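Student: Each chain is listed here by its residues.
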Amino acid sequence: MTRAHAFFYWLTQTYVGQQMQGNAYLFPTVEALHIMGSVALVASTAIVSLRLSGLFLTEIPVSKIVKQFLPWAWFGFGCQVVTGSLLFMSEATQAYDNVIFQVKMALILLAGIIALVFQQTVYRRVKTWDLSNPPLAAKFAGYASIAIWFAVIAAGRWLNSSVANSPVLPPPM
Amino acid sequence: MHILYSFCYWLGNSLIGRSIHDSTWMFPVIETVHLFGVVILVGSASVLDLRLMGLSFKDYSVSMLAKRFLPWIWAGFVLQVLTGFLLFASEAAKMYGSDVFRAKMLMIAAAGINALVFHVLAYRSVGKWERDRVAPLSARCAGAISILLWFGIVGAGRWIAYS
Numbered sequence: 742m743t744r745a746h747a748f749f750y751w752l753t754q755t756y757v758g759q760q761m762q763g764n765a766y767l768f769p770t771v772e773a774l775h776i777m778g779s780v781a782l783v784a785s786t787a788i789v790s791l792r793l794s795g796l797f798l799t800e801i802p803v804s805k806i807v808k809q810f811l812p813w814a815w816f817g818f819g820c821q822v823v824t825g826s827l828l829f830m831s832e833a834t835q836a837y838d839n840v841i842f843q844v845k846m847a848l849i850l851l852a853g854i855i856a857l858v859f860q861q862t863v864y865r866r867v868k869t870w871d872l873s874n875p876p877l878a879a880k881f882a883g884y885a886s887i888a889i890w891f892a893v894i895a896a897g898r899w900l901n902s903s904v905a906n907s908p909v910l911p912p913p914m
Numbered sequence: 023m024h025i026l027y028s029f030c031y032w033l034g035n036s037l038i039g040r041s042i043h044d045s046t047w048m049f050p051v052i053e054t055v056h057l058f059g060v061v062i063l064v065g066s067a068s069v070l071d072l073r074l075m076g077l078s079f080k081d082y083s084v085s086m087l088a089k090r091f092l093p094w095i096w097a098g099f100v101l102q103v104l105t106g107f108l109l110f111a112s113e114a115a116k117m118y119g120s121d122v123f124r125a126k127m128l129m130i131a132a133a134g135i136n137a138l139v140f141h142v143l144a145y146r147s148v149g150k151w152e153r154d155r156v157a158p159l160s161a162r163c164a165g166a167i168s169i170l171l172w173f174g175i176v177g178a179g180r181w182i183a184y185s
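Protein chains in written order, with the working numbering: chain B, 742 to 914; chain X, 23 to 185.
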């Protein structure tokens, strides 16, 4: 607890952490970029997921949709990691032991695990179901990932008020 | 008193405006749905815009993408108008004086005009160029203007909270 706290306190004291707190324009600008990144990440993921669930663009092979939209999802993910880290650095001590922040991180991890398991199992045999009714496992991965990514957005919005209302912890001893 | 201000003042004091303003949970919940709508509206619009600009999805014809994504664009737009109206109602008098809010509304109007101009000009002849990997200049411009405006609208939306 105290060692983790010392690390997160150090993050807030770095040049970047200080700029994020001190510059009145920087935080809202990075926050706006974080919302723009969520469009790239969640929209591309949702399009792939809807295709996996057999609900959208069913006339296009699954593998082709994945090939075309996955780079945009990764681009969005990169934007989110960079802007999210900057936002985190400005209030690391308040965020890290905040339950909503932990739930948001756990949800992102869960989405990653589902994507990885999907890619290593059902997606290996995609050629056998590229244009037919997707297997149940693919449909499940699609539904789950849409639900999780929208929940991540909701947690992010909730985090905004929750961290703002949480007390600023004193520096570690 | 300016008639637009009278309307904002009335809306802010109406049952809807007061209920959202006085509730602790309604504003954040509606704002969350507004964020979901951003993904649906701006995400779908971006797919078409990137195709028109010739930056992505060049394997698909423009009319096929339009047919598939326009329903999502409209669904997202309706969701944004509804949730945006509720958010506006809760602080209407304050929004009346906000320059960022005015800029956001003007950009939405500009995005609409841009889409309309594209629809009646370049899209009329879409059959001739929809399979070209590079769309005509007017279509590429419409795509670029649209994507810049929509991301500008998202940015302005975040800035309203700080203005």
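A couple of the hints might just be wrong.
Each computed EDC-like pair below joins lysine to aspartate or glutamate, with the alpha-carbon atoms no more than 20 Å apart [as the list claims (entries may be wrong)]:
id, chain 1, residue 1, chain 2, residue 2
1, X, Lys80, B, Asp838
2, X, Lys80, X, Asp121
3, X, Lys80, X, Asp154
4, B, Lys880, B, Asp838
5, B, Lys805, X, Asp44
6, X, Lys150, X, Asp44
7, B, Lys808, X, Asp81
8, X, Lys80, X, Glu152
9, X, Lys89, X, Asp44
10, B, Lys805, B, Asp871
11, X, Lys150, X, Asp81
12, X, Lys89, B, Asp838
Hints were generated in silico from the structure; no laboratory data involved.
Keep in mind it's a predicted model, so treat the numbers as computed, not measured.
Student: Which hint numbers doesn't this structure obey?
Tutor: 1, 2, 4, 5, 6, 9 and 12
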